[in-house]
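One letter stands for each residue in the lines below.
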Amino acid sequence: MIEARKTYQGQLEKLDKAILKMGVFVEEALHKAITALIEEDCDMAEAIIFEDEKINTLEIEVEDICIALIATNHPVAGDLRHIITSMKIASQLERMGDHAVHIAKNVIRLKEKYISRLLNSIPREGEIVIRMLHEVISAYVKKDVEKAMEIAKMDKEVDELHYDNSKKIIELMLSEKEYVKPGAGFLFIDRFFERLGDHIVIICEWIVYSVTNEHRELNEKESIWHRERYSS
Amino acid sequence: MIEARKTYQGQLEKLDKAILKMGVFVEEALHKAITALIEEDCDMAEAIIFEDEKINTLEIEVEDICIALIATNHPVAGDLRHIITSMKIASQLERMGDHAVHIAKNVIRLKEKYISRLLNSIPREGEIVIRMLHEVISAYVKKDVEKAMEIAKMDKEVDELHYDNSKKIIELMLSEKEYVKPGAGFLFIDRFFERLGDHIVIICEWIVYSVTNEHRELNEKESIWHRERYSS
Amino acid sequence: MVQTKPAYLNKGSDLPLSNGNENIIDVKDLKFYYGEKMALRDVNMKIPRNKITAIIGPSGCGKSTFLRCFNRMNEVLGKTRLEGLVEIEKQNIYDSVVDPVRLRRMVGMVFQQPNPFPKSIFENVVYGPRMFGLKNKAQLKEIAEQSLQSAALWDEVKDRLHHSALSLSGGQQQRLCIARTIAVKPKIILMDEPASALDPIATMKIEQLMVELAQDFTIVIVTHNMQQASRVSNYTAFFNATEDRCGFMVEFDETEEIFVNPKNKDTEDYISGRFG
Amino acid sequence: MVQTKPAYLNKGSDLPLSNGNENIIDVKDLKFYYGEKMALRDVNMKIPRNKITAIIGPSGCGKSTFLRCFNRMNEVLGKTRLEGLVEIEKQNIYDSVVDPVRLRRMVGMVFQQPNPFPKSIFENVVYGPRMFGLKNKAQLKEIAEQSLQSAALWDEVKDRLHHSALSLSGGQQQRLCIARTIAVKPKIILMDEPASALDPIATMKIEQLMVELAQDFTIVIVTHNMQQASRVSNYTAFFNATEDRCGFMVEFDETEEIFVNPKNKDTEDYISGRFG
Amino acid sequence: MKQNSYSLRNEKTRNLINNAVSFYGKDNIEIEKFKGHLFLAFCLIAAFVGIVALTSLMIYVFVDSLGWVDWQFVTSAPSRFAEKAGIFPMLMGSIWVISLVAVFSLPLGIGAAIYLEEYAKDNWLKRLIETNIANLAGVPSIVYGLLGLGFFVSTLHLRHGTVLIGAFTLTLRVLPIVIVSSQEAIRAVPDSHRFASFGLGTSRWQMIRSVVLPEAMPGIMTGTIIALANAMGETAPLIMIGAATSIFTAPKGILSPFSAMPLQIYAWSDFPGEDFQHGVTPAAIIVLLILLLTMNGIAIFIRQKFQNKKKR
Amino acid sequence: MENQLIKKPYGRIKEDIISLIFAFCAFLSVITTIGIVIVLLVEAMDFFSEVDILKFFTGTKWTPTIKPVQFGVLPLISGTLTFTLLTSLIALPVGLLCAVYLSEYSSAKLRSIVKPALEVLAGIPTVVYGYFALVYITPLLKIFFPSIRTFNVLSAAIVVSIMIIPTIASISEDAMRSVPKSLRLAAYGLGVTKFQVILTVVIPASLSGIVSSFILGISRAIGETMAVTIAAGNMSRLVNWLKLDEALLEPIQTMTAAMVEIGNSDVTGDSPAYKSLFAVGLTLFIMTLILNAISQVIKKKFREKYE
Ligand SMILES: Nc1ncnc2c1ncn2[C@@H]1O[C@H](COP(=O)(O)OP(=O)(O)OP(=O)(O)O)[C@@H](O)[C@H]1O
Ligand SMILES: Nc1ncnc2c1ncn2[C@@H]1O[C@H](COP(=O)(O)OP(=O)(O)OP(=O)(O)O)[C@@H](O)[C@H]1O
Ligand SMILES: [Mg+2]
Ligand SMILES: [Mg+2]
Ligand SMILES: O=P([O-])([O-])[O-]
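Chains as they are written, first to last, in the working numbering: chain A, 1135 to 1366; chain B, 1135 to 1366; chain C, 144 to 419; chain D, 144 to 419; chain E, 39 to 350; chain F, 179 to 485.
Next up, chain A with everything else stripped away, as it sits in the complex (with noise of 0.2 Å):
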């Protein structure tokens, strides 16, 4: 096979690299987002929300060659749903950076911070979200469907810390006044690393459509028992 296409290809090429780049990207600002919450550290709190910028623009870009690949070469099946694929992944990616900005105004506007360390599991659910972040970008590389159901799966264990995590922080609201506040503050957090993983629960969703054309509900979180068990 003579090599086809130099510029479609590279095309191709440029858009998983972009890809790859937000991952990068987001997956710092998640970083920073842990090490805020933890360290108190609002300066670092104030560098996401800067760099967030970066994150939106990327997803811009990943739109623009997204179309102008479909719109220049005509891509079909398999190149198609992947273009398709690496749009909604970018749109995910974006959203995750939203949520990363959103705890980190939260870090900020968390006057009595001192509560952060009684909640360390808090900061367990974002070690587990970046670990999927990471796995997840290059099973998207990689095209490999297993993994992306193998992630899918850790989603699992996000949404327990957060069950848990969510009962404590009202307890402790109830427990002292002064708690309610910065409670409310975590119980945002807490509900942000949640749907961080369930945004890579729908990349994962999406790496199996673009290999096997099936769309496949990969996230449980929608099944009754599920909607006793919690509240958001």
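The set of hints was computed from the structure by calculation and includes no laboratory data.
It is possible that part of the hints are untrue.
To be verified - Computed list of lysine-lysine pairs in DSS-like fashion (alpha-carbon distance at most 25 Å, straight line):
#: 1; chain 1: D; residue 1: Lys222; chain 2: D; residue 2: Lys194
#: 2; chain 1: A; residue 1: Lys1302; chain 2: B; residue 2: Lys1302
#: 3; chain 1: D; residue 1: Lys189; chain 2: D; residue 2: Lys406
#: 4; chain 1: A; residue 1: Lys1276; chain 2: C; residue 2: Lys408
#: 5; chain 1: F; residue 1: Lys478; chain 2: E; residue 2: Lys159
#: 6; chain 1: C; residue 1: Lys406; chain 2: A; residue 2: Lys1277
#: 7; chain 1: A; residue 1: Lys1315; chain 2: B; residue 2: Lys1302
#: 8; chain 1: C; residue 1: Lys278; chain 2: A; residue 2: Lys1277
#: 9; chain 1: B; residue 1: Lys1276; chain 2: D; residue 2: Lys301
#: 10; chain 1: A; residue 1: Lys1276; chain 2: A; residue 2: Lys1290
Add chains B, C, D, E and F with the ligands to chain A, keeping to what the hints say.
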């Protein structure tokens, strides 16, 4: 001009119809969510959760139509942007459906419902969102950039309401211990409505893109003054 | 299946051939030889009624050969041999009792290059009916009008029916050829790259026309333009030929399926432009 | 601008022509007439160096005419007249001191139908240099090899250089024609629908080749295949002609811009297949 | 070299393009252009020498014939006296023979062409027949005369010199030409038209009748008329079959003896005397040429009309 | 109910009969050839039973009607060859150049006038050309060559050249014009002068057509009868090509002219002179056959090379 490419046009129309239908479903879900909230109607809340499946299915349908359209008709320029926009709008609408579900779940979880009567400005948020949704769908069909930009501006109102509401809720929670747990629920509900507004702004941005090919930021929330006012 | 046929087409509707089956053509284990050279191997395919079926594939993979099997046009071209079954409306068309001349009245064909006869537009359209012995002027006129209408050409030529067909543009000529084919009241229309000699605008009109004709006819089209196949057809078959293997069918499915989710690697490579 | 030219091309690299300008061709207020009939009106366009510029538009809008203005090939075809300026490397090529024969050595052309001479492959490639009086065998051989390499044909034909060029397949013939053009060391290569006679796989190879050649040459391609223009070119010009207006340029921009966000309604209609 | 003169004339406005050609250190354009002019001169001479020569000859003939071609000349029999000489019996003889040749050769020629182009498989038999026809077309006409003489006169013992034998001989003579030109005309009908007809469900004969013959007919007619015109000018075969060079009565039927105009011209060209050399013979030639020109004219007319129709 | 696709009985009989009739027409040409060969052979055999075949082919005197009758065909062959050679020398180059001019240089309008005119000239009967030669050309030549005889080869060759130039020009021009325009454009596009295009593209690509036109011209010259009969004198002699003026300016007799001479005389059906007609005819027939064969071989060879 002859009536060109019947099936292609047919497919494009089918796409618009699917989006319209999604819009109607989401609108309905939001209506129900507000009613459930006001009237403390758990059955209705259950219905929302149950019916969300339809919205999810519609999103997949839209995605399939879009991908088939791209694969078989090689749209370019305006058509292509329209199709991509539809896909993006569909995923926003799906997220909105999910938020309706989240609200419903919180409604079910709320044991101490009377608190809602104290917070009649939350349904107000919801009403604005519904109005925005209704209009944005018509702006989409008509490709009306002006209107889309106007709608995006309405989000400011939602944001202000959200700001006030969250303050009020925290005050409530501080005022009495038994308000803490339901208050947390309302914090989330309030936040969901705010998010719904954001989603519509994103839809507006896509409509603008679809017509003008410009990625214009219509959400002012990310500006720095904003970050200092809001926590999440 | 209710069809809105032109009036004159209805006469043929009570023939034993119309049996309302889903598939109008059924190809079983088809092998085809030019002299000693095998050109098609073991093709199995059922072509659905009143749909557009596209056949795509690299040059020389036997697309045209396959198409010509349906009206025994290969026989006109030279020494050929066919094994297996080609059934149209459940009748094996290679049975010795089948008259190829009659067969071709049922299975019309449109060629790559527009090939109107150097006669008037009118004479072109009524050529078939005339050859079958129809002499009634009024009836012929009716047929001409109906066929030209169906071929979306009537409005453009109604004022110059007696001008030479060669005065038409390429795209109009091709539509005239389609009208000429329709006038014979076929059930199936075979088209061998009907738009490859035309510019994009004429091509678009032909494609549009095909979609409209599919309401009344079964259309099988050979094209080496994947975009065209994807735009116009309901079903797509991908043919291929390798160095050590002559033409065979790789994949046959709904067009959307082929272009979104082909099952075969070669199909995907071909439609993605990675082949060869 | 560092170019990786084949060795034999380097000899000419210190010619006064390479001036590192951004635009190699500059067309100003071009009007073109066939006899009394105007075919092009007021075209203004700057064609960038070492890029692929595609010209698209409906049939008869003057694409080919425009292309042939760049090497004065129109003059070979008949009685024509040109107004306005066509500057190549800042030299008005319609100036009386310019010799069209010499001009054509600088502006090569590849045609729609592959048109190799009925000579051997080798003789085809070295035809140009031979005609310029080059007789040295070794040098000719070198030119042939380099040109065939550049045209991505060397590996396929190196063992049968002295076979007839007509024994090649259509796609190979077209690449041979490109090699023949390259052998003359043009700066600009004009291609008039170079792949429209080829099947998709051969087309793909030609497109691939164009992209590679754009490193060393400025390529202007006329195509009525929008997909092709979109795949292959860096810049795209859309031409049109209406009933009351002869060929004119509607829009000229980067290809991506044209296909994602055309400024003109007609351009958008045309590329979306809604024209006509 | 001329190219350098540009740069010498104005060093600053050196013409970039005209200098851009010496890539290989060679520039032969001016030499080649000079050779080209020389060549054109030769071509011009060649093209017009023949025509001019012939035209002047024709003018001579025409001038010589002036005063000789008149009604009396066309309606009288030949005579030893120039003033009384006429060409009527030969004129009639030519017309008789050519009409018969047309009647024989048209159906046979077209039939053979149809067989070869539409029916015959591409096998040895077809190749044999085609090679054979090509050979026959190249056989000198005098050999056909021998065939006529040997077969019709010596073998069948028909009376020599009759219209019928003349017609038979000339038919055989022109048949290959008629077949070949008909074949060409039939071959010029694009296959795509045949396929279109077959594709509509017609039998082979229907297809030939309705598509091939109508389209090929102008070509066939052109070729046939030109072949007949050639036959009209044939002399040697007629001499061989014993046609009289001079005869005084027009043929009454196909079994009458006859003479033809070329034979008479041949006879007169030998006649001594200025009146015959520069009077009667040119007059006969003019009459013959008028007849031939008319036939050629008809052929050209058919062709022109056909081409116009094609273009439209 | 009748199946639309099923054959009707006897449906094909009409078709079969029609094709048989056409086949017969085609076969007639084969019969003609066989007829020619048989007639020539039978009578020639008859002749050779009376005259020694060796003497026929080696004899240097041809006097079939004058006693002592001698049937040496060599003088006739030498006459035919001289005449053919001379004609070819004039007609081939001139015809080719004429074709080049018409196809490559002349305007379409001029061509549309000249070409039909040429074709008409080619259709003028050969007797007329003979008359031209005798009455106009020879007196003209006398101005340049005072020693020229009334009957001579040169003037016959000149008129016959004029006669076959149109044939050569016309066929060659067809061949050149059928060289696809795309090939010319390709060459022009490479920056080549018109002369080079003609020399290196047009003529090579149309060579098969040009060669066939040449052969056709030559074979017409060989078979040419009346012009030589009238203008070249009917004096059989062995031409000595070393003496150019004698070879060109004196009368000769070709095979065809000799045959006409016998045909015109009142020899009877069983005299050797009568039968010698067929022997000479056979020789002529074979010569043209060989030329034809060469032409076919050339055509085939070119077809293989270029297709
Ligand atoms: N009349 C014929 N005689 C012999 N072989 C033939 C004939 N027609 C086609 N073939 C061979 O059969 C094979 C299939 O040819 P066919 O024309 O069906 O291919 P195709 O897919 O239509 O190609 P294309 O896209 O170039 O039209 C080729 O290898 C071809 O060479
Ligand atoms: N040699 C010619 N003489 C006269 N008119 C011509 C000639 N060539 C082209 N034209 C006319 O000029 C106009 C432009 O022709 P041109 O061939 O440039 O169009 P095009 O855009 O290349 O079309 P296509 O896509 O069909 O090749 C047409 O109207 C055509 O009829
Ligand atoms: Mg084919
Ligand atoms: Mg063109
Ligand atoms: O025959 P095409 O021009 O459509 O490739």
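Here is how each hint holds up against the structure:
no., hint, in the structure
1, D:Lys222 x D:Lys194, "violated, 32 Å"
2, A:Lys1302 x B:Lys1302, "holds, 23 Å"
3, D:Lys189 x D:Lys406, "holds, 18 Å"
4, A:Lys1276 x C:Lys408, "holds, 18 Å"
5, F:Lys478 x E:Lys159, "holds, 19 Å"
6, C:Lys406 x A:Lys1277, "holds, 17 Å"
7, A:Lys1315 x B:Lys1302, "holds, 12 Å"
8, C:Lys278 x A:Lys1277, "violated, 67 Å"
9, B:Lys1276 x D:Lys301, "violated, 61 Å"
10, A:Lys1276 x A:Lys1290, "holds, 24 Å"
Checked against the numbered hints above, the structure violates hints 1, 8, 9; every other hint is satisfied.
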